[in-house]
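Respectively, the protein sequence lines represent chains A and B. FYI, the numbering for the first sequence is 1 to 300, going by the working numbering. FYI, the numbering for the second sequence is 1 to 390, going by the working numbering.
All the given hints hold, so there is nothing to weed out.
Here are the computed distance ranges between Cβ atoms for each label pair:
{"id": "1", "chain 1": "B", "residue 1": "Ser351", "chain 2": "A", "residue 2": "Pro124", "range": "39 to 47 Å"}
{"id": "2", "chain 1": "A", "residue 1": "Ile282", "chain 2": "B", "residue 2": "Gln168", "range": "46 to 54 Å"}
{"id": "3", "chain 1": "A", "residue 1": "Pro124", "chain 2": "B", "residue 2": "Val17", "range": "16 to 24 Å"}
{"id": "4", "chain 1": "B", "residue 1": "Glu172", "chain 2": "A", "residue 2": "Thr276", "range": "58 to 66 Å"}
{"id": "5", "chain 1": "A", "residue 1": "Leu133", "chain 2": "B", "residue 2": "Ser351", "range": "55 to 63 Å"}
{"id": "6", "chain 1": "B", "residue 1": "Val17", "chain 2": "A", "residue 2": "Val121", "range": "15 to 23 Å"}
{"id": "7", "chain 1": "A", "residue 1": "Val58", "chain 2": "B", "residue 2": "Asp125", "range": "52 to 60 Å"}
{"id": "8", "chain 1": "A", "residue 1": "Ser202", "chain 2": "B", "residue 2": "Asp125", "range": "25 to 33 Å"}
{"id": "9", "chain 1": "A", "residue 1": "Val147", "chain 2": "B", "residue 2": "Val17", "range": "52 to 60 Å"}
{"id": "10", "chain 1": "A", "residue 1": "Val132", "chain 2": "B", "residue 2": "Ala237", "range": "50 to 58 Å"}
{"id": "11", "chain 1": "B", "residue 1": "Val17", "chain 2": "A", "residue 2": "Ser138", "range": "38 to 46 Å"}
{"id": "12", "chain 1": "A", "residue 1": "Ala145", "chain 2": "B", "residue 2": "Gly137", "range": "50 to 58 Å"}
{"id": "13", "chain 1": "B", "residue 1": "Arg104", "chain 2": "A", "residue 2": "Ser255", "range": "54 to 62 Å"}
{"id": "14", "chain 1": "A", "residue 1": "Val132", "chain 2": "B", "residue 2": "Ser351", "range": "54 to 62 Å"}
Bear in mind the hints are in silico, worked out from the structure with no lab data behind them. Built from N, CA and C at the ideal position, the CB exists for glycine as well.
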Amino acid sequence: MTVIGIPVEHSGDGQLDVAPPSNRGKPEWARAVAVRSIWYVLGVVVAAFFALPMLWLVTAPFEAHPGFDVGLSHLTLSNFVDVFHNPNALSSLYNSLILSLLTMLIVVGASALAAYALSRVNLPGRDVMLYVLLLLSSVVSGTAAMVPLFLLVFDMHLINTDAGVVLVLAAGLLPAGIFILKDFMDSIPRSYEESARVFGASPLRMLWDVVGPSVRPGLAVIGVWAVVNVWGNFLIPFILLRSPGLTPAAVEIYSFYTSGGQANLRLISTFSLLYTLPVVVIYLLVQRRYGFRFYGGIKG
Amino acid sequence: MADVAVEALTKEFAGGVKALDQLDLAVEEGEFFALLGPSGCGKTTLLRSIAGLERPTSGKVLIGGRDVTRTPPGGRGIAMVFQDYALLPHMTVADNIAYPLKIRHVPKAQRLEAASRTAASLGLDQYLKRRPAELSGGQQQRVALARAITSRAKVFLLDEPLSNLDAQLRMEARIFLKRLQQELAVTTIYVTHDQSEALALADRMAVMERGVIRQVGPPVEVYLRPDNLFVAGFMGATPINLLEAKVDTGVLRVGDNRIGIPSGTQAGLSSGRQVTVAVRPEHVSLSDAAQTGGFEGSVVLVEHLGDDDLVTLEGGGVTIRAKVNIDDAVQLGDLRWAVPNPERVLVFDPSTGERIRGQNAAAPPRVAPHALAKDAGTGAIGTAAGGAGG
Chain A
1 MTVIGIPVEH SGDGQLDVAP PSNRGKPEWA RAVAVRSIWY VLGVVVAAFF
51 ALPMLWLVTA PFEAHPGFDV GLSHLTLSNF VDVFHNPNAL SSLYNSLILS
101 LLTMLIVVGA SALAAYALSR VNLPGRDVML YVLLLLSSVV SGTAAMVPLF
151 LLVFDMHLIN TDAGVVLVLA AGLLPAGIFI LKDFMDSIPR SYEESARVFG
201 ASPLRMLWDV VGPSVRPGLA VIGVWAVVNV WGNFLIPFIL LRSPGLTPAA
251 VEIYSFYTSG GQANLRLIST FSLLYTLPVV VIYLLVQRRY GFRFYGGIKG
Chain B
1 MADVAVEALT KEFAGGVKAL DQLDLAVEEG EFFALLGPSG CGKTTLLRSI
51 AGLERPTSGK VLIGGRDVTR TPPGGRGIAM VFQDYALLPH MTVADNIAYP
101 LKIRHVPKAQ RLEAASRTAA SLGLDQYLKR RPAELSGGQQ QRVALARAIT
151 SRAKVFLLDE PLSNLDAQLR MEARIFLKRL QQELAVTTIY VTHDQSEALA
201 LADRMAVMER GVIRQVGPPV EVYLRPDNLF VAGFMGATPI NLLEAKVDTG
251 VLRVGDNRIG IPSGTQAGLS SGRQVTVAVR PEHVSLSDAA QTGGFEGSVV
301 LVEHLGDDDL VTLEGGGVTI RAKVNIDDAV QLGDLRWAVP NPERVLVFDP
351 STGERIRGQN AAAPPRVAPH ALAKDAGTGA IGTAAGGAGG
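Here chain A stands alone, though its shape is the one from the complex (with noise of 0.2 Å):
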């Protein structure tokens, strides 16, 4: 018998042995490498099959022509050159990085304080409520209420604006982050902000004191997740944003094809590396500074 590729010994009543008693030991041995061999060998096609284009995402940049197979037989940095010599490619970046902060910066604020009030004042039908609007938010920035959010904008004149994406972003991420806030807020002892509000604090100043210390970890876990979703959103921007020099980054790769009409492999693989790359040191950063661990309350 084996559990997950290691053998377990039955002895004593022998009820659970299969093997006869006479031919025990070898046999045995025999299929726990063999178990054990083909464990391994379907871990390493899983690995490759997530590795490799993690793989050709670092050495492609660097390849003279990179192809669809990883490998680097003409290393060069000129890709780079290219991707800092085309028009639009770090304005793109530049334009995603702005549409993430200002997302960021809407979600954050204002999930904070309804959150803090969703947790503090007890609305009927105040649950119910929350559900449905995060039922409903994956509807808000998706494809099926595209043609009603675009008419939307466009009736608010927000057409090919910056504060047209970032408003529909942040609609979108708002009750997740709502509610994933609220519930950092309701295991804050009671006892903290009535002391402040004996000492005479506002509402206000008890959030920025009291309640906004103590929730750090989930609004830091708010920010990534809005930057990070912001950053790899394409619909949105790309329905409401015209001019080229408004595109973020997730749209501007589309764009990058040769005279020829193919896909600038040299480009899209360059210019991928250097997108990828802000998210990645995000989360290094928050990771070394909060730990993605699980709150589970806080103890004073």
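Based on the hints, put chain B in the right spot on chain A.
This is chain B only, laid out in the frame that chain A set:
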């Protein structure tokens, strides 16, 4: 410093639960006042109403003679220490102590100086840079007190501040708290369910039950002369003896035994009246020989309390407990006489639960006006009954 008064305070929670019912209370300036009662009696709701954290349904709260019923907590000149201390975990001890000043926009240097001065006076100076989580429970409690002191509040409200400490630390903290209060002479209202804390700390105390105050007075008074059976049963480390009795000419018949009518209550006791006699185990002594006014019985249970033994005697239709010295070496099955101290025997009306007193029941010193009125009222009934009897 300021006095605190509560007038006809009622707090009804959603669902019709009355946590406070037409409650009157007056706490004098500089007094250490304890609110004692079982859980759910409304003592914490009363404290929170005084703090302004609960909005009363009706009635008034006055602090320093000013009606603050509609004033937000911050405008009442109070400081509160919570059961969990409510120290802000992300701030250092110094910042925590200085926090009330930060709310009042006192410049940083100035408020940190005030914090370190207060911390030094409470022996916390070496912990100023630490976070609350790095301190022991007793130290955290002192930080919470230091924060209350820096706020320069006129009234301290303490909500079970010792209940999160272990037994030994609690004794230390108790002494500390008492000395601090004496030094600051700040009006202090202290909520606890632990009667030993109330007895040890308070200048006066109130015993609460289901939203009403059952007795107000100095601890010794409440302990020795409870107004009613609830207070009698609630106070005391060991349960008080409650014995059914009938008034006979000049004596009380308890089972097969007779004891003298306690002095001062004769007037209220007409012959044939059913009463409840109460006497604390610590006011019952055991004797080897027959005693007048004693209960004969055999020892059925001996509980060791450490410095004392709690002995249960049964006989003559009566079960009575006595607290005796551990050296008495009482054995199970021994035949003894339990002799209540006649000075300490209390007589209650079993139907109302109120204590029956005579005309000369001495009014306890330093009692709030309404308590005096209540005393006078009961006295009048006693007089009337006495008149009828004579």
